[in-house]
Amino acid sequence: MSFTTLTRRALLAAGTAGALAFAAPAAAQTPPGVLIVGQIAEPQALDPAAVTAVNDFRILVNIYDGLVQYADGTLEVAPALATDWEISEDGTEYTFNLRDDVTFHDGSAFNAEAVVFNFERMLNEDHPYYDTGPFPLSFNFSAIDTVEAVDEYTVKFTLSEPFAPFLSNLAYPTGLIVSPAAVMEHGQDFGRNPSGTGPFRFGEWRSNEAVVVEANPDYWGDAPELEAVVFRPITDANTRTAEMLAGGIDLMVEVPPVALSEFEETDAYQIYEQAGPHVWFLILNLREGPFTDQLVRQAANYAVNKTALVEDVLEGTAAVSAGPIPPAFNWAYNEELEPYPYDPDRARELLAEAGVENPEVTFFVTEGGSGMLDPVAMGTAIQADLEAVGFDVTIETYEWNTFLGEVNPGLEGKADMAEMAWMTNDPDTLPFLTLRTAAWPEEGGFNSGYYSNEEVDALLDQARVATSQDERAELYREVQQIVQEDAPWVFVANWKQNAVSNERVEGFSLQPSFLLELGDVSKD
Amino acid sequence: MGSYILKRLLSAIPVLLGISVIVFLIMAMIPGDPATAILGSYATPENVARINRDLGLDQPLVARYFIWLGNMLTGDFGRSFSLNRPVLDEVLDRFGATMILAGTAFVLCSILGVAAGVVSAARQYGFADKAITFVVLIGISIPSFFLGMMMILIFAVNLRWFPVSGMWPIYGGRTLWSLLDHLIMPALALAVVATGVIARLARSAMLEVLRQDYIRTARAKGVHERSVIWRHALRAAMVSIIPVLGIQAGFVLSGAVYIEIVFQWPGVGRMLVDAILTRDILLVQGGVVFVAACYVLFNIAVDVAQSLLDPRIKT
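Chains X and L are the protein sequences, given in the same order. Counting along the first sequence from 1, when you hit position 402 you're at 495 in this note's numbering, and nothing is skipped either side. Counting along the second sequence from 1, when you hit position 15 you're at 46 in this note's numbering, and nothing is skipped either side.
If a hint is listed, it holds; no wrong ones were tucked in.
Chain X regions said to be covered by chain L (calculated; three or more residues, Cβ under 8 Å): (1) 127-137; (2) 225-232; (3) 297-303; (4) 321-329; (5) 334-340; (6) 537-548.
Just so you know, these hints were derived from the structure itself, not from any lab. Keep in mind it's a predicted model, so treat the numbers as computed, not measured. Backbone N, C-alpha and C define an ideal beta-carbon position, used for all residues, glycine too.
Only chain X is shown next, with the shape it has when bound in the complex (with noise of 0.2 Å):
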């Protein structure tokens, strides 16, 4: 008996110092000079032109560099690669000079017949290396007919037809430039083994645990503060901001509503707010159903609480939203227009006006997706809100891809009003694919509640043929100004994208693009 004791004694004293013992690493910090990033996924891989999510984009700006970028704090084009660019006349040539001090982390020069190679990878199926693909955004470049190297430090794009927003889009992540050498190297491979001309060169992947980029020594630009970066995967929000919380990441993105107040209460983490060219709307079904009525469309935006939908479902983490175009668009967006106001009785006062009493809506509601919030959470709130009012709504919840595959076809026959939220890199890119007559879903687009204004067809055509910023911006203003008064979507909300970092970070600073540049973070 004695020996049993003395057995389950030993065992648990055995157990304790083993705990103890393995706890010491544990308490270790992350060291300065290498910032480690909490991601929300694994990335698809470090292939510009192959990846769509922006959480690949997150690390691909840091490794490599476009012809142009976004300015700092803006949405507005800046150069980058290219020191400057010439647009002709009609709209039709882009010619860029290139900078002549650029080298890819392979060694490889950078220069205009690189760059030739880039879009002939994605755009040409002849191309020796088009196989290295699929490249699903490579249609932000369809208007593209040809590219070529004028000489060796002049690059020049003829298009196919005028097209406004190619300067924007080639800023996007897609439009990166990578180093041929290093997807000949490599192939198929390349994602894996990626080479830019960036403030950050690529260091190791370790699958599901890590993406490391050190320091770039010969960046053409300022040399970054950073000696290197770590992208940490972390799927699960919870775990995400336990790391946090533990110390194991120095920056997250993307906090959690909820988790936020945790991350406020001291002083040893620093929150930022940015908010992004996204906007979060209801489609309505313009085809048939109770919203075919103008009266019943504007009900629906009276009806719905706005502000207590940011303020309390989302935590204060978006912005009410006023038209189809996001300010964040600084240059193109309508300061003048000021959102519905949550107003129940004129809601009741337009239903009556309309002479339709107790509309019946199916209300399509997806579980969660790309830039789509809390949806289930909002649209419970939304159903209450319309209830309130007269509005008979029954709800029908959908995951991601099922939803999108339900949505996207158009909401005939199936749906009166659907959540969705859309992301995007121009003002053009949301009105054109989602509001002309010619996106309605059977030509090709997304306009999924088959809104038809031929004004709004004509100004957008327009503005996207026109060169000049400010004679875009003037026909975006009007554009929203139609839109809200037409009413084919109910206006929710704009995302604030947020991040917290401990207070060892300093310099960071997120971008309206919802990318995340490093270059001028420093951690002691």
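Mind docking chain L on chain X? Use the hints.
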């Protein structure tokens, strides 16, 4: 014995073929396709068609199945589009991580569960029995992902004894020590439920055996009680405990999915969840077939072990 093993191995082939058909059909029927998942809100019919063509998804269903099966038989599981690397590389990487986690949890729950069951049975209705039954009931009732989150909150965030998540330290070498450091919490969280189940079954199996005549004879002969329980009774009881262990191994493996997500363990469960959400068809199919094959093999091993222990089971 050799022919028995061979027979069992042969019978596994139709099982695996069936699994390959089922997982293939499920992935074909699941709403939403890879192109939509890749393109998100940019999924115009035109773009979807282009991506489907690039991925070879424009072929007829039957042709796709046989291309996949044929390639798999030559060891080519295809390429994961969401991770941009060969499926087999990814599955092997991830399966190794899962085996470390699930294997540790399985060893833990087997030893703890059997020990708890034996002690309970030996002290039937005594204090130890009641205490163990109480703890076991709690263990069975707590969902493992909740337990995992609580462990993270207490031992990683507040006490900082262990790292929150991951399998290896982000900095510093990959030592056995650092692995154990990351492994303890997830392995314990994963083992808890199975430990409870095994303990309860081990207890009743032991009680059954302890009532047998030969045990009474052994005691009458003056064999030490410890020896009676651990040597005579447990050996006999193991015959009915081992199949339970086999079944629990399956539960541990599937339970690993939650634990891998909570603790961000780079295992095959988390891989499958991500792959399903991104509609990475080849990765899901390859992963499921691989895991199923391992599970089938494991079950054969359990049956063989059982027949070795109990000569009454015909081979």
